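Enquirer: Note that the protein sequences, when read in sequence, are chains A and B. Per the numbering used here, the first sequence starts with residue 2, numbered consecutively. Per the numbering used here, the second sequence starts with residue 2, numbered consecutively.
If you are wondering where the hints come from, they were derived from the structure by calculation, not from laboratory data. One thing to keep in mind: the hints can contain errors.
Beyond 12 Å from chain B on every Cβ pair, some chain A residues (computed) [unchecked claim]:
no.	residue
1	Pro110
2	Asp226
3	Leu314
With the C-beta cut set under 8 Å, the calculated list includes, among others, these residues of chain A facing chain B [stated by the list, open to error]:
no.	residue
4	Tyr82
5	Gly104
6	Arg123
7	Arg292
Quantities reported herein were computed from a predicted structural model and do not represent experimental measurements. Using N, Cα and C, we set each Cβ at its ideal position, and we do this for glycine too.
Take a look at the letters that make up each chain.
2 protein chains.
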Amino acid sequence: MPPQRATLLQVAQRAGVSRSTASFVLAGRHLDMRISEDARQRVLRAAQELDYRPNLMARSLRTKVTRTIALVSDTLASDPYAGKAIHGALAAAVAHGHLLFIGETEGDPVVEEKLISDFLDRQVDAFIYASMFTRPVRLPKLLKGHAVVLLNCLTGGARPAHHQIIPDELTAGWSAAATLLEAGHRDGIHLVGKTGENVFAGRERLAGIREGLTAAGVRLAGAIDCDWWPDSAYEAVRRALADGFAPRALICLNDRIAFGAYQALRETGRVIPDDVSVISFDDSDLAAWLRPQLTSISLPHYQLGWQAVGKLLGPASDPAVLRVPMPVRRRASVGKPAVR
Amino acid sequence: MPPQRATLLQVAQRAGVSRSTASFVLAGRHLDMRISEDARQRVLRAAQELDYRPNLMARSLRTKVTRTIALVSDTLASDPYAGKAIHGALAAAVAHGHLLFIGETEGDPVVEEKLISDFLDRQVDAFIYASMFTRPVRLPKLLKGHAVVLLNCLTGGARPAHHQIIPDELTAGWSAAATLLEAGHRDGIHLVGKTGENVFAGRERLAGIREGLTAAGVRLAGAIDCDWWPDSAYEAVRRALADGFAPRALICLNDRIAFGAYQALRETGRVIPDDVSVISFDDSDLAAWLRPQLTSISLPHYQLGWQAVGKLLGPASDPAVLRVPMPVRRRASVGKPAVR
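Bound conformation, chain A alone (with noise of 0.2 Å):
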């Protein structure tokens, strides 16, 4: 059994005050209620000695704000990765007093109005919305008319009506060719990764990276098609190294897909960079554990889940979409383009 909790009562009575007295004490009341300091005083103490703690439940029902936040996504705690915008939302949520509460649904839609109904049932303040990967999503009825910021996932329409937290993936894109440029290189850069399909990221880095070779008048040399996973790119890289390509630098979508790029590299005898740079995206543990270790534009999982509860429980503002910026970190991976 959870210890007996001192009740407000108790508190009155060894301060010497009515009940009444005591709550407005503690909710902060003596003055507009004409409590004397003396009387404040020895409720404040009898609170102390007493360990009271308000019923904060109780307290909610009067005044609607439980200080709680519901996280709900589709299987962000899955993900080795997406998880540190968890670690994000939480640390803000705590800096605004706030306690979290996380859920998820695993993209079925009957879970998720079953979980958000219960989130509403414990009559929590505020909602984060969120996807593990970066999507369009349509907002669940349930949560229309109640605070929500989207995570990682956007509404669409040109006025939202809730902030939007996703990464900067059109300048992260840009950011990876101006990295290739800035060394010097301007032929034999081919992209590895997935370009057909209609992923989010990979559509906003390919843009990203088009608009920036094109900025200097350069082209992609060609692309080599492959999952994001290390060993869908192994083979792709290493099939098309047989078939006669010879890049000088790989820009690859995701830092799996480049540890599956090194893999094929170092077999067929090319050496990282001096025959061949490599770029990715993502900054994952990975890219620090390569050798050569990986030049990676990051994607800032943490920044995400922290700012998306800063939108939620800070200052208000219009509604709108926040392309939280991807820095580039610059490791051993990126050299000059090969003599030939």
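Given chain A, work out where chain B should sit, using these hints.
Expert: Just chain B, lined up with the frame of chain A:
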């Protein structure tokens, strides 16, 4: 503003019954309160039509049950893989009809006290007290008397006051030894990792390895000391190979160490598993991404979280230390010993 909620009174009026009757029906007490089936049906229909949502917070003030649990950890959400314990805990909480709060203390006792105090203010029913690394802990005083299960940590003592869920690292060490022995290894088995330090996982894994080998009359040929990270393992294994170590098998204390060992073996022209077999612990994503794929003993984060909540909300049982099995994921990095 959130949409106005239908009240119990509105439901009762629409159904043409008293407020008490509606309340008893919705609490499932129609039988003991002798309420007619006709009245019951009208109440249920009215509740559905008005989208009535029982105020769980008001109810919990009466029943003292909020159907919420809190997971308090040092830094579980920050770690790419330990975060999966949150996912497991979440799934189990939902399966038991509970919602999950999470909170992180970063190991700071002041933050911890504040956080637990905040959860108590919201009258959570029960707590998971978790650690990122398996380690001994002292349970915070505030949790005394509450329903608590420890996740990935231990309070010690012969008669634990709470369930304690940890990975079975000792048997995992034994499994690593057995896997090499089965492949025919008896000589030139080296350990790679941090052995001197007082890290629970490392100590238990090593004890299990020694027991497993000793039972077959085999001894470790040597140990290569390094930190838990790829670069440290890479440097240490390179140095050992330069110093004349001639391993036929490496037991790496985790996958990150194995990652560095792979790099050092490859650079010095050793082929895995033809020249050197490698086995490891954790079975992180890395294990499947390496070439050849790495045989690794799985650290079941998801299971740990799932089991902890199961013990917390499932049928009551005597508090005990529950060691969750760590299965061997056999891949391609262990082969027959090289012929010398």
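Enquirer: Of the hints stated earlier, which fail here?
Expert: Violated hints: none; all satisfied.
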